[in-house]
Amino acid sequence: MSRKLLVVEDDSITSSYLVQSLREQGYTVDIAEDGREALYLASDGAYDLVVLDRMLPGLDGLSVLKALRAARIETPVLLLSALSTLDERVKGLKAGGDDYMVKPFAVSELLARIEVLLRRRSAGPEAETKLRCADLEMDLIARKVSRAGKIIELQPREFALLEYLMRHQGQLVTRTMLLEAVWDYHFDPQTNVIDVHISRLRQRVDKGFEQSLIHTIRGAGYRLAAEG
Amino acid sequence: MASRPQSATLQIARALVPLAVIATLVPFGVLFFELSRVYEEKAAREVAEELSTLRSVYSQEGPAGVDMLIRHRLRGPTRKHLLYLLEDGARYRVAGNITAWPSKTGSTFQWTVTELSRSTFSEPEVMGAAGSELPGRYRVLVAMPRSEWGVPTQIIFQAAGLGLAIALALTVVTGYAVSRFLQRHMSSIVETAEDILGGDLSRRVKVTYLPVEFSVVSASLNAMLSRIEDSMTTMRAVTDSIAHDFRSSLTRLGARLEMASGGRGGEQELRTAMRDAASEVDSMLHVLNSLLEIARAEAGVSGDQMVDMDLATLISDVGDLYVPVAEESGLRLNVHAAEPIQVRAHPELLAQAIANLIDNAIKYSPRGTAIELRASLGPLGPLIEVSDRGPGIPAEARERVIHRFVRLDAARKSPGSGLGLSLVAAVAKLHGAFLKLHDNLPGLTAVIQFVSKPRRKPPLSFLFRGARER
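Taken in sequence, the protein lines are chains E and W. Number 57 in the working numbering belongs to position 29 of the first sequence; there are no gaps in the numbering. Number 450 in the working numbering belongs to position 419 of the second sequence; there are no gaps in the numbering.
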């Protein structure tokens, strides 16, 4: 089943580049070039996700978003904007956005975030108490991690990092997403801070086991999965 | 300037005239009424004396004696300003020059001001009078017209007129003087503004130290102008640097793409070229993002993003992020934060600034050394220190490295954009703090020093800085 996405973007080069990248990933993509069209297309709730630019002709992105949410259309919305201040992010998320990305952006990052948003929706709301990936187990209540029955000791941050990876297993997770989710920082450290933390985590989780679970996706990020 | 429709002289005079009029007329008015009262009392006393004289004449000589005295008075040189009326029991006038007894009084009455008519004039006049019943149903009245009381009305009115004229003249002179004074002190500001409009941003307002108000205005203007000039200069430098950085990056990128498309290499080589190109783009994006972050920190953040927070928690959080990174480079990162230190700050920007300082420290520290991260309460206020044992920065370059894109020759070879410290400085400024670099003997200590009372009131020396430099 192919996922249906709506890209709202008035710049034709950016939008065609976006659409092409998304189609290559197997998504079905529609394009809207202004706010009114976007609202018209999105208001029947037929899309799995909307990528929404904020500064649009006709009706601006935030108004579109507010109108959709007011009409009880709960389609996940990823805001994409050149407005990069924290203030603007907060405004976007408060208006009902599910994620916020700042232009200029890397497409791999956008794809990863789209994947996460789509997956979150299908995962359903039931509360999980145990996460599992192959023989790796995480008990969220006892806050214990074990692999093949052997307890793995983790620092609180390492636990949070692994939890995020396990919740999004099989998906590409970028460094920025990890920095935002685990440390709640929205800046871009100059050194490979996240790589170091991942390599420590890998030491604990994968070392001594035949099958490695944490995989590096070159130039993009990481993926936790049973097979490469 | 002088042909302005509303000159300062005119406006000041217009505001002062009513004041001058009131200030002049009120004392004269008070004086007039006080004098009138005193003179009226004197007149009443004279009338009462004359009345008692008449009574005693009557008691000795009867109506004929009074009649004679009145006639004598009306003819003679004394008491010429007094008027009389003597009536018999049938209310006929026996003697005197008043036509009729006042209608509203009885036969005996004390000093009363009323209208009475002289027998020679038909017009009634305002007079003060007193009357008395005499034995045998006779009655006598003595009156004095108000014009005879002796109130120096004319002198007072003349004096008031003169006073008013002087006050108005002074008002005009004062208005003129004040406006000249303003003009003289404004002219330097106006001239400077005109020069600046003409394009010379380096001009400053001349600061005269008296009066203080003007020197404060001039100094504030100068401080503002310095700030504007600074940011213009910085902007120019930054634009040049961006252009340079991006131009060289784009040139490299173009060359790589061209080589890849024209080359005879296999797919492997093509992939490598593409990957190089992508990382070139990444580094450009990184520079651009850093610039945007600095711009956003410099533009300031709205007050509601500033929260009361604890520096100790902040540095242990950032330390937590960086301790493994330091270890990976063969370094130790020691975090010292014993007690909570409250500041009002933007947690994320401050975390980023500290991260930048630690990044630098890690980059330049020799293996096996330690980096100290410390938050403490110094004599000036809370401060955050990051110290390393690296090569440090020569004293003369410390001021310079804070500027955007400045990289010392020794650092050219390592990766980086030269924007890290500028961001730290911008974030510090946003918090009313400043960034200071010291020698750590050996190594570098970077300090973000919060000043206990941040912003709003800069010290006077700062205000006058712009002026003194001229």
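Calculated from the structure, these hints are not laboratory results. Please note: incorrect hints may appear among the correct ones.
Said to hold, decoys possible - Under the rule of at most 30 Å between Cα atoms (straight-line distance), these lysine-lysine pairs were calculated in the DSSO-like manner:
| # | chain 1 | residue 1 | chain 2 | residue 2 |
| --- | --- | --- | --- | --- |
| 1 | W | K394 | E | K235 |
| 2 | W | K73 | W | K135 |
| 3 | E | K119 | W | K460 |
| 4 | E | K119 | E | K94 |
| 5 | W | K460 | W | K237 |
| 6 | E | K131 | W | K237 |
| 7 | E | K178 | E | K32 |
| 8 | E | K172 | E | K235 |
| 9 | E | K131 | E | K119 |
| 10 | E | K131 | E | K158 |
| 11 | E | K131 | W | K460 |
| 12 | E | K94 | E | K158 |
If you're wondering where the values come from, they're calculated on a predicted model, not measured in any experiment.
Hints and how they fare:
1. Annotation: proposed proximity of K394 of chain W to K235 of chain E holds, straight-line Cα distance about 29 Å (limit 30 Å).
2. A hinted pair counts as satisfied when its Cα atoms are at most 30 Å apart, and K73 of chain W with K135 of chain W qualifies at roughly 24 Å.
3. Restraint check for K119 of chain E and K460 of chain W: the C-alpha separation of about 25 Å stays at or below 30 Å, so the hint holds.
4. In summary, the hint linking K119 of chain E to K94 of chain E is supported, as the alpha carbons are separated by about 11 Å, within the 30 Å threshold.
5. A distance of roughly 28 Å separates the Cα atoms of K460 of chain W and K237 of chain W; the hinted pair therefore holds under the 30 Å criterion.
6. Only pairs whose Cα atoms come within 30 Å are accepted, and K131 of chain E paired with K237 of chain W is rejected, the gap being roughly 47 Å.
7. For the hint pairing K178 of chain E with K32 of chain E, the CA-to-CA distance comes to about 42 Å; that exceeds 30 Å, so the pair is violated.
8. Taken as a hint, the K172 of chain E and K235 of chain E pair is honoured in the structure, with Cα atoms around 18 Å apart against an allowance of 30 Å.
9. For the suggested pair K131 of chain E and K119 of chain E, the alpha carbons sit about 16 Å apart, so the restraint of at most 30 Å is met.
10. Under the criterion of a C-alpha separation no larger than 30 Å, the hint pairing K131 of chain E with K158 of chain E is inconsistent with the structure, at around 37 Å.
11. Proposed proximity of K131 of chain E and K460 of chain W is supported: the alpha carbons are some 26 Å apart, at most 30 Å.
12. Our distance criterion of 30 Å between C-alpha atoms is broken by K94 of chain E and K158 of chain E, whose separation comes to about 36 Å.
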